[in-house]
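Novice: Please work from the sequences and hints to get the whole structure.
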Amino acid sequence: MTEQGVRWTADQVLALAPDAASRKAGGKLGTAGPWSEAGSGKEAVWGLCKGSGSRPYQTVVDLGGPAYKCSCPSRKFPCKHALGLLLLWAGDDGSVPAGAEPPDWAGQWLAGRRGRAEEKRAEAGGGAPAAADPEAARRRAERRAERVTAGATELERRLADLLRGGLASAEQAGYGLWEETAARMVDAQAPGLAARVRELGAIPGSGAGWPVRLLEECALLHLLDQGWLRRDRLPEPLAATVRSRIGLPAPADGPPERDRWLVLAQYDSADAKLTTRRIWLYGAASDRTRLVLSYGAGGRAPELSLPVGLALDAELSGYPGAGRSRAALGERFAAPAPAGFRPPGVTTAEAVARYGTALRADPWLESVPVTLERVVPVPDGERWQLADAERDSALPLTRSARSRPGLWRLLALSGGAPVTVFGECGHLGFTPLTAWPEGAREAVALC
Amino acid sequence: MNGTSTDGNGASPAGFWEDLVTTALLGTDRRPPAHLAPGRPAPVALLDAAAEATVRRRAGLRPARAARRPERAPADPRPALPVAAARRLATLLADRAGGASGGGRRGSSPDLTELLPQWLAAANAHGYAAPAQTLPALLDAARGRTDLRPAALAFAGPRALWLARFNPDWRFALRSAPGGAALPEPGDAEAVHRLWQEGLFAERVALLGALRARTPALGRELLAGTWPAERAEDRLLFLDALRSGLSAADEPFLEKALGDRSRNVRAMAAELLSALPDSALAARMAVRASACVSLDRTGGAPVITVEAPHECDSGMERDGVVATPPAGRGERSWWLGQLVEAAPLGIWADRFGGRTAPQIVALPVADDWQGELHAAWCRAAVRQRDAGWARALLGSPAAPEAGGPGAVSLAERAKLLATLEPAERAEWVAGFIAAHGLSEAFQLLGVCGVPWAAPLGRAVVDALNIARDAGSYPWSFSGVMGLAERCLDPAEATRLQALLAVPDEREDAAPGAGGYWAEAFQRLVTTLRLRAAMADELTPAGTAGAPEHQPRATASEAGEHQPPPAGADSDLNSGSGSNSGSGSGSGSGEHQAPRPAS
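These protein sequences, in sequence, are chains V and R. Under my numbering, the first residue of the first sequence is numbered 71, with each subsequent residue one higher. Under my numbering, the first residue of the second sequence is numbered 3, with each subsequent residue one higher.
FYI, nobody ran anything at the bench for these hints, they're computed from the structure. Where hints are given, some of them may not hold.
[What the hints assert, rightly or not] A partial selection of chain R residues facing chain V, derived with a Cβ cut-off under 8 Å:
| no. | residue |
| --- | --- |
| 1 | 68 |
| 2 | 72 |
| 3 | 532 |
Beta carbons are placed, not taken as given, at the ideal position from N, Cα and C, and that holds for glycine.
Specialist: Below you can see the structure in the form of structure tokens.
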């Protein structure tokens, strides 16, 4: 723990912003003008920000979270005041002196927050909280399993009907058919099946080659159904993967792994109801890459936000399922700090081999996290590749990666020279998420 | 990526897969599947086989062959930005990216978008290289704002031009790069000749401009070589390019251009010649103008009398005089104006008995000719860049009729001011504001050097203070406020502290104005601090002693410590200075034409 903790960079602060408007508003507040009584110390930053009202807003950030509190009415996390305060602190121009003692209003919140964390830790030490009624829980789980089985059976019948009549007819049926089936899967309490079914509906309109993609996805859905219906005959790890793919909830009950976790990438994807934030972490000692998910409902930004390029000393616990690659963030022992390391990289051939190997444990896997060492972005007609600097092989970029501004940042960083790139490698290609230019230590986010 | 090419079964897996897809597409009812596991219903057997094939295909993926790699971007030898400055740039560019939600009241925080031009000019003066990851945002910024383009492209450097080739949105960078990588060295005669003969119009204009900046004679000879074959519009713009590096050596060529087929080209040639006081055209105009204007001593006090020309002869027309006046103007006064405008100002001292310019301007003019005559002298002073005459025509800034004698408009006064030295210019405008307030000062402030000299800055702040006390709302002065945020010397921030408090509301004041003024001053002070911090961050560590409140001084100082590298980069830099006119970076100290800030 460093009391005089190294300050973050403006990029890292801006990466915490829930949306572009907040980034802009926060950028404007990142100057000394509206701030007074600002200070930092004890892994926290605080200050008073003059707004349009007569009373200034009280803003405080716990860097250990990071967690934010502000007396403004904004529902965004972090709000523009917290972002502005962090930017001011990152600018290190003397307006946020270090080593200060927090004023009462900030100290109370910090103490309360940290006290609760202590309690939680003590509780966890004292043994898992006893389930209210193990017998009732078991009955509930059984009832749910029955429903899922009924849903999977129905889905199998619908898939068989589809194949009997031909995929060509599915093109005419349109979304309606799939929406209705998806709703049935929601009723069957199998959200994983529902999501896959809904995605099937979009494939017939997705351009050339749709029958191939539709058959692939139908077949994998069939495989998942069959996996569920015969789960008692599967080895336990694969059965756990099937349960998690079906969408059954399970606690992150893996043993806690304490490490210095480097934040490799953070990005959001949103549908009408839910924003999903994916955060990739890499452990320096364990050499493992883990995925942490955070959700925001109803247009809100997910609460967890970690600055790319920094490392945090924390515990992660894996969820059940293949390789336990998804994890929950447990206790954090220190605020994120500059990392000074990065994951070792592989060649493009090793990257696809890694994806192939991972399919053994989870055949439904879309992609695996991979760091590519010494690759060059190369235009290939309308598409783009990442080519090994020393070999003649390359990975095509995914369609979504081609349309993101990150592609241009990657190309600018490379300038035709080799770079190290972290991203997701799968059957659709490679999606670059973070890059390190030759010789530089600092990560540049591409998403 | 490619699938595996062989399979243990002997049958081609690709063929097998295609067969599955065809069956799936048509339906197993119509096309019963061949060689599938028996004992299961056909659709289920098909799904089983497809699942296996899909996972097998995905597990067996191999990398693709690499396409042809692009050549490497040229090295950028400029030093890297200091860390704090790189952060600042990220913030400035992030603000630009989110700029869609503008509008509404501006509040008390600075407008970062307006600071980007200054930041770029200062960074260019230091000769820093742009961080690679900022290049896309810089190119987007340059694409969106043409006024930003030269400075942004100069800062973005050679790697940005390399990058721009890959994205059609950034093609503009390849076209408009001032003195970009495409221009040959002036010494490379063959390459220069080839580009002049075969290049696109924009490239040829850029080439001519670059040559005129360094070897004016070479540029003129190149132009003379192809002159008769050029189209009229092109001739006009090429001729305009001769303005830079204009000298007596150009006179023969320009004299010939006076006989051009195009009237616009003739007028342009005449204008250029009249800017050369020793040219034959200037002498001819001097004779004509002298004949029209004389001193009448017959009465008590000497009076200037004007006898406007009675006709516009072919000689006058050949010398660029336009015969037909615009609607509503008498033709004789129209001709007179053109003659006086094109005559060297030096002739008037002789004509009026050795009087100086101020004395001549002070002479009474008979028969209402004063407006016409003084306006023509103003145009002549601007064209000939004659500070003495400009000073005389401007008069005292405190003069009651809102400045200068005669019919000198604000626009003309701004042009006259531009011929003065920056310090004198600032002093005159300061005097003007002290006497007349801010309501008419916007255009004049726009021609003052950045940062504003101390007397000018004080005058503006005092005038704003007076405006506040008069009880009006600050947005009546938003244009001047915006200029002040960008141009006021950051050292003034301390003097502004007293203005930040919300004053007690007075009876006669506009409701709530006090609070808005405090907010506006808050924004002004914050912006000034920010500019000081920006300048400070850009100062290399070794020269930290440079005072932060003199961004221009530190910029040029540091420029001497770290001269910009030779070759393409210095081309880019000089190009940005002369083309952008965006204020603090250019040597002339002129500020870009003012833009209202909100």
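Novice: Evaluate each hint against the coordinates.
Specialist: Right, here's what the structure says about each hint:
| no. | hint | verdict |
| --- | --- | --- |
| 1 | 68 | 4 Å, holds |
| 2 | 72 | 5 Å, holds |
| 3 | 532 | 5 Å, holds |
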